[in-house]
Amino acid sequence: MQQLLQQVVSGLADGSVYGSLALALVLIYRATHIINFAQGEMGMFATYVLWALVTHHGMSYWPAFVLVLALAFVGGVGVHTVVIRPLARAPELTIVMATIALLVVLNGLAGWIWGPDEKVVGSPFPNNSWNVGGVLVSEQSVGVIAITLGCVLVLWLFFRFTKVGLALRASAVNPQASRVLGVRVPWMLALGWGLASVLSAISGTMAAASFYVFTPSYMQSVLIYAFAAAVLGGLESPLGAVVGGLALGVTVNLLGHYVGWIGSDLQLPVALAALLAVLLVRPGGLFGRVAVRRV
Amino acid sequence: MRRAVPLAWLAAGAVAIVLLPNVLSDFREFQLAYVGVYFIAVLGLNLLTGYSGQISLGHGGFMMIGAYTTAILSVHHGIRDVWTIPLAAIVAGLVGFAFGFPALRFRGVYLALATFAIPVALIQIAKKFAFTGGGGGMNLTRIVSGNYVYTLTWPIAGGLLVLAWLLVHGRFGRALRAIRESEVAAVSSGVNLALYKSLAFGISAAYAGVAGSLYALAVAYVNPDTFPITLSILLLTGAVVGGLGSLGGVVFGALFIEYVPLYSPNILDGFEKIVPLHLDSKAAGAPAVVYGIILLLVLFLIPSGVAGLLRAASARLERLRGGRTAGAPAAAPPTTEANG
Numbered sequence: 001m002q003q004l005l006q007q008v009v010s011g012l013a014d015g016s017v018y019g020s021l022a023l024a025l026v027l028i029y030r031a032t033h034i035i036n037f038a039q040g041e042m043g044m045f046a047t048y049v050l051w052a053l054v055t056h057h058g059m060s061y062w063p064a065f066v067l068v069l070a071l072a073f074v075g076g077v078g079v080h081t082v083v084i085r086p087l088a089r090a091p092e093l094t095i096v097m098a099t100i101a102l103l104v105v106l107n108g109l110a111g112w113i114w115g116p117d118e119k120v121v122g123s124p125f126p127n128n129s130w131n132v133g134g135v136l137v138s139e140q141s142v143g144v145i146a147i148t149l150g151c152v153l154v155l156w157l158f159f160r161f162t163k164v165g166l167a168l169r170a171s172a173v174n175p176q177a178s179r180v181l182g183v184r185v186p187w188m189l190a191l192g193w194g195l196a197s198v199l200s201a202i203s204g205t206m207a208a209a210s211f212y213v214f215t216p217s218y219m220q221s222v223l224i225y226a227f228a229a230a231v232l233g234g235l236e237s238p239l240g241a242v243v244g245g246l247a248l249g250v251t252v253n254l255l256g257h258y259v260g261w262i263g264s265d266l267q268l269p270v271a272l273a274a275l276l277a278v279l280l281v282r283p284g285g286l287f288g289r290v291a292v293r294r295v
Numbered sequence: 001m002r003r004a005v006p007l008a009w010l011a012a013g014a015v016a017i018v019l020l021p022n023v024l025s026d027f028r029e030f031q032l033a034y035v036g037v038y039f040i041a042v043l044g045l046n047l048l049t050g051y052s053g054q055i056s057l058g059h060g061g062f063m064m065i066g067a068y069t070t071a072i073l074s075v076h077h078g079i080r081d082v083w084t085i086p087l088a089a090i091v092a093g094l095v096g097f098a099f100g101f102p103a104l105r106f107r108g109v110y111l112a113l114a115t116f117a118i119p120v121a122l123i124q125i126a127k128k129f130a131f132t133g134g135g136g137g138m139n140l141t142r143i144v145s146g147n148y149v150y151t152l153t154w155p156i157a158g159g160l161l162v163l164a165w166l167l168v169h170g171r172f173g174r175a176l177r178a179i180r181e182s183e184v185a186a187v188s189s190g191v192n193l194a195l196y197k198s199l200a201f202g203i204s205a206a207y208a209g210v211a212g213s214l215y216a217l218a219v220a221y222v223n224p225d226t227f228p229i230t231l232s233i234l235l236l237t238g239a240v241v242g243g244l245g246s247l248g249g250v251v252f253g254a255l256f257i258e259y260v261p262l263y264s265p266n267i268l269d270g271f272e273k274i275v276p277l278h279l280d281s282k283a284a285g286a287p288a289v290v291y292g293i294i295l296l297l298v299l300f301l302i303p304s305g306v307a308g309l310l311r312a313a314s315a316r317l318e319r320l321r322g323g324r325t326a327g328a329p330a331a332a333p334p335t336t337e338a339n340g
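Chain order of the listed sequences is A and B.
Under our numbering, the first residue of the first sequence is numbered 1, with each subsequent residue one higher.
Under our numbering, the first residue of the second sequence is numbered 1, with each subsequent residue one higher.
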């Protein structure tokens, strides 16, 4: 029982990392109806910047973390302005290919600047465990959960209770009507890309803190889990993405721990098989709607 | 005129492929054999993405299935390696067809997501189990020369090109294009959506399986990391650079996949002469940056790929000559293909 709870906690920590990246995917998907394949690599790149700030520029972790989030926002807005916005009228496939090109470029750039070898960013959380009724809960896991879910909460408050958040939601739902009402839709889209980039930076840095070491490709498996989480949640639902991420993290951890032949190697294939199964039963995901198409 | 021009190019290409081994070293022949391998894989991907509009980021995975089919059958079961090529096509094709059914649930972006998972899952599975040789991989039964692979690969590639042409210009291709333009309209016109989409996936995967089998023969060795996710991305990049929905562009996509990462230091050094940034052109990651940026430029400047560029150029040429065909539908690319 204690072991079960411990696995659940570390599953929730992994899941919050998947969930925040899934939320970034959902933000972009709702605003522009494309999947940003570079989402994971944006987080990876931010993590490298954090590593460089801490290791080479002598900053301590948390100031560097805040600075990286700010830089990630600027970077996300930049990506939208330079790459995505000029392609706004292009077919969907072209835009998706552009995000794949970004994935390739960012991945290559990180290897080019910082080398392909493993880096250690270290965890910002103390290496202790709390004993909660016999269950050992590592501060690392709690820290990762608190930071990611805290940021998600702040984002939700922003969307729910500020005027800019309202305008952002409006331009995602109905760009034409929003434009008529005086919302600057392109700015809102750029803002959305910036926020998604911040979310990926959070996911990337927290994933690096969990994995301990990272290479330029460490976010690719996280991205696939995030895809799975987002699709599980219905791809349109921010809440679904976070819940999907947490559910996926816990399921994968439990399966890896209790089912011998899965171990740590087959977690990803099993998660994907589960995802396929869910989609066959509920094509719209757990929180999504099934769209009816007409000619 | 419309038929004659592609046929002339095809004949020229065939003559070049027959004559090239006379002037090339064995090493160059190996490179061109890899071009042939990528040609087959991109051809298959183009059938799927270019004609039925389904994106696949998983064709490296289907190549992997083909390669492992060849390795396992020839090493463990003593089947002569060349005979495993059609078997690789069948195995990869069946897996692709089976994947096509759940893939029916996905459209557009969802499908790209689902296919993205194929190579990742396959790599983990290949590492886990003993019959694939685990993480260490498998050595094939013999090591072959560049000339052998070249003369094996290109006739197969030629045959598969003809087959693709027949498919695209027949009932099958018409059904796929109908699906690409509007699924609902296609169904209303009596196209069996489930069958054709799964078939497209299966045929496309079978092409990738042949490519993977030939790749394994050429390298004489397979391991899980031979087919990373980046290979799948490269294949899709090749299809886009060559031009989606055009069989003529495939060869340019294949050349891109083989040579651009290889010559990226030269490309960077050339760039260095114009803009001196003091880049380390041989660093890890540099090839990826180069081909990623080229891909972005292609998307921005010539979204219909090299094939579209050539079509536009020949249309311009016709107009300059003042020929009667100027501006005729034959010269201008159909709008749907430009969008594809």
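It is worth saying that the hints were derived from the structure and are not from the lab.
Please note that the accuracy of each hint is not assured.
[As the list claims (entries may be wrong)] Going by beta-carbon spacing under 8 Å, a handful of chain B positions derived as facing chain A: (1) I55; (2) W83; (3) P86; (4) A117; (5) G136; (6) G137; (7) G190; (8) I233; (9) P303; (10) A313.
[As the list claims (entries may be wrong)] According to the in silico footprint, chain B covers these stretches of chain A (three or more CB under 8 Å from chain B): (11) 75–87; (12) 146–155; (13) 190–198; (14) 210–216.
Because the structure is a prediction, the values reported are computed rather than measured.
C-beta: ideal position from N, C-alpha, C; glycine also.
Hint-by-hint comparison with the structure:
The beta carbon of I55 of chain B is positioned within 8 Å of a beta carbon in chain A (closest approach about 6 Å), and the interface hint is therefore held. A cut of 8 Å between beta carbons decides the hint on W83 of chain B: the least distance to chain A is about 30 Å, and the hint is violated. Taking 8 Å as the C-beta cut-off, the interface hint given for P86 of chain B is violated, the closest approach to chain A being about 28 Å. A cut of 8 Å between beta carbons decides the hint on A117 of chain B: the least distance to chain A is about 5 Å, and the hint holds.
Hint on G136 of chain B is violated. Least Cβ distance to chain A is approximately 15 Å, over the 8 Å limit. Proximity of G137 of chain B to chain A is violated relative to the hint, the smallest CB-CB distance being about 16 Å (cut-off 8 Å). A least Cβ separation of about 14 Å between G190 of chain B and chain A goes past the 8 Å threshold, and the interface hint is therefore violated. Restraint check, I233 of chain B versus chain A: the minimum CB separation of about 6 Å is within 8 Å; hint holds.
Hint on P303 of chain B holds. Least Cβ distance to chain A is approximately 5 Å, under the 8 Å limit. Interface restraint check: A313 of chain B against chain A, minimum CB-CB distance 21 Å, threshold 8 Å, status violated. Residues of the stretch 75–87 of chain A lying with their CB closer than 8 Å to a CB of chain B number 3, which satisfies the three-residue condition for coverage. A stretch counts as covered by a chain when three or more of its residues have a beta carbon under 8 Å from one of that chain; for the stretch 146–155 of chain A and chain B the count is 0, and the coverage is violated.
Evaluation of the coverage hint for the stretch 190–198 of chain A: breached, as 0 residues show C-beta separations to chain B shorter than 8 Å, against a requirement of three. For the stretch 210–216 of chain A, the stated coverage by chain B is violated: 1 residues have a C-beta nearer than 8 Å to a C-beta of that chain, whereas at least 3 were required.
Of the numbered hints listed earlier, those contradicted by the structure are 2, 3, 5, 6, 7, 10, 12, 13 and 14.
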